[in-house]
Amino acid sequence: MLHRGDRVEIFRKSDDESWQNYMDEFVGAHGIITDPDTSINDSDALVEVSLVDKGTHRLPQDCIRKLED
Amino acid sequence: MSEISCPVSKTIAELDAMIASNRIKTPKSRRIAEEIRVLMEDVAWGRAGKDHLSAMAKLSQELVKESDTPSCATMGNMIGAALTDHSESFQSHVNTHNCPTGECVNLAPAPCQMACPAGIDIPTYVTLIGMGRYDEAIEVIRKDNPFPWVCGLVCTRPCEFMCVRARIDTPVSIKFLKAYAAEQAMSEGQYRNPPQAPPNGKKVCIVGAGPAGMTAAYYLALKGYGVRVIEQLPMAGGMLMVGIPRYRLPREVIDREVDMIRELGVEFEFNTRFGWRVHINQLRKEGFEAFLFTIGAHKCSPMRVPGENDFAEVFTAVSFLREVALGDREKPGDKVLIIGGGNVAIDSARTCIRLGCKEVVLAYRRTRAEMPADEEEIEQAEEEGVQMNFLTIPVEIVGEEYSMTKMHCVRAELVAREGSTRMSPVPIFGSDFYIEIDAIIVAVGQRIDHTIMSDLPDLDWTRRNTINVNRATMETSLEGVFAAGDDVLGPATVIEAIAGGKKAASAIDRYLHGLPQRQLPPVPVRRSRTEFLKVPASTKMSLKRPEMPLLNYNRRRVTFQQVELGYEENAVREEARRCLRCDICRRCGDCVAVCRDRMGIDALHLGYLDFDHPVKSDFRNVAEKCIACGACAENCKNNAMQIHDEGDERILSLCGIVLNRQKLVFCESCGAVLGPAKYLDYIDKRISQQTTAQNTNRYLCLNCSRKQTAQQHDEQVVPLF
Ligand SMILES: Cc1cc2nc3c(=O)[nH]c(=O)nc-3n(C[C@H](O)[C@H](O)[C@H](O)COP(=O)(O)OP(=O)(O)OC[C@H]3O[C@@H](n4cnc5c(N)ncnc54)[C@H](O)[C@@H]3O)c2cc1C
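The listed protein sequences correspond, in order, to chains R and X. For what it's worth, my numbering labels the leading residue of the first sequence as 1, then goes sequentially. For what it's worth, my numbering labels the leading residue of the second sequence as 1, then goes sequentially.
Heads up, a few of these hints could be off.
[Claimed, not checked] Dumping the calculated DSSO-like pairs for lysine-lysine here, alpha-carbon to alpha-carbon at most 30 Å:
#, chain 1, residue 1, chain 2, residue 2
1, X, K10, R, K54
2, X, K50, R, K13
3, X, K678, X, K637
[Stated by the list, open to error] Quick list of the computed label-pair ranges, beta carbon to beta carbon:
#, chain 1, residue 1, chain 2, residue 2, range
4, X, G607, R, D24, 28 to 34 Å
5, R, G5, X, E564, 16 to 22 Å
6, X, P549, R, D44, 47 to 53 Å
7, R, E17, X, E569, 47 to 53 Å
Hint data in this document are derived by calculation from the structure and do not stem from the laboratory. Backbone N, C-alpha and C define an ideal beta-carbon position, used for all residues, glycine too.
Using the sequences plus the hints, can you model the full thing?
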């Protein structure tokens, strides 16, 4: 479950339909979860993540993994 | 700054200078020049497509043809020549998405700006706030976001999560600074719209007056479009007005910012529901050439338990909050149960407290740790008296006659399902219990109301039931139809809605002018390079993020008055001084490396430079070892690290943070500056050839030292008699 402020990595391309070609270059990027699903904790919801040098995007959760502190 | 060698950056700089010089007179020529500027920037940022270069070439020819003044022709020719002479470089920007010289990247925005979905130039406006130039700060913000005041109160502030200052202590309080500046500028009558382009004769229709729709309306109106906004409610604001409660966002704040948009001639048609009395064909006949749908996500997801549709006292959170916002202050009941653990559930619960409900209980399936609502919001709700029932699953709403009496619930435990690390709530057999209530508010998510769009049967939807768009341009599957905000993202945030509205406005403008669309989402634009605020290292470290003063509990429980009372001016100015100006210091670490590896001094311990492994940073420690040699400043590509002499001192500063001040030593003979003593000692130790005439214990410059040596030599020569 992702929370605001979690440090994450985009570890792979997503299989989700919301993944767009330009997102391929996000793979490997690190960032911070800035707006998880704030209503029902749905694992299928798109979450907002701010990536270092790549801006803030809503991405599917299957391509995101938490980084250990 | 050094000479620009990238032809793209250079052309942009020349173009900017010409546009700023006001030598292009007619609106048409200005428009063409600005269109070229937009396309050129796409090229610089690696987001241009295959048609960009030809489109620019065509526009530059048009500019030559238009040539209302000699400058116009010059500009057209200059751009044409740059495109031909440096076609390889331009192509490389387009094809490889990067600038071979790295100069275009030197304009890279700070992490906070990159993190802002709307791309606001945060370091610039924070610095302006630190200088007390609030109206200019608002001007900068509104280049990217027409709602600085609203966002200053309710933004989810992704910028603060990426704020580099947080790697030292706590993030700069960016959101509240913005609110302060907006309030000040508004109250002093200094909150103004920028100049508007003359009408271009084209009309755009926007459906939905939420932040996404109004943002698009603002940017389109500024470009000279005739804009009509159709809204089903009697007022503008969308969820700002009828979702977010007044104790977080006063109505006047929304009204004043909407008024600024209305001032640009945007026409609002209230109490008009698209798809009922107004249809797309009718609007096309009226001359609207492009449409933007920003209808939000206003339909509540059901709980799916028996009894949900049987009692009048079951409310959905969205409709409950809307009725309260529209003026209905009747409490839903004395004992109210809120179902859900998100922000909307918390807003509903806190609203019930203010309406006078005696018992407000929030039931959530998981534990507090999994609650999706913001921690601060949960805390404030608890302070106000909202009770939390965790690990509670609703089973059935039970009632007598037509009135509900209780909620049948069951306790849950969290269990990891096979193949998943996620803990899911599972009912505990036999743990049933009842909560006595007389009203329920269901807050388990929102969806988009599909029926609104039945006028457009060919519109493409995603499997999440959101409108399918190209996220770089907000184009839907239908020609001339765009969408932005919650209807594209699902329930999201105000700042994302604003970002979507801005992107859509830019794409609509390109569409109506036949320009190629960008291939990638826009990268934020740096608005200026504002001078630094000068702050001593000790002050920079000791300043603390101020606490937000809150309304007292009693008043919070009985009124809808704003809970967050805002900062005082002094706190605002001090807080702005904590900003590290990451728009200028790009944290490349060259200064640290030069000082450590080349000079062997290792005075700079700037642990915050690394995102993944930040270690301790303390600006105050620099002075301990620093010899003020200036090697770091010399190697700083962006002029963030600076060294200069002031009176009898040499000062080293990083983005205005005074890291070291050392007394200068002057040549005792001619008075020329020699440098600080520490530096001179260092040189003495490093080189055999001494700059100072140590044998005489006097500080002399090289020239005077030579003269002295020569004189001594002369004196030693045996005189000729
Ligand atoms: C209770 C609550 C609290 C929130 N708190 C925050 C917060 O603190 N911070 C934050 O960032 N976000 C918050 N949000 C989310 C935020 O409000 C939304 O993400 C944002 O308002 C979406 O903007 P929008 O323009 O896409 O849609 P909306 O704001 O929903 O606006 C859509 C507009 O379209 C109109 N409309 C719909 N259908 C039609 C039609 N057929 N014809 C004409 N008009 C129509 C609606 O009446 C509405 O005015 C909150 C949301 C809720 C519900």
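**Item:** Structure-inconsistent hints, enumerated in ascending order
**Value:** 6
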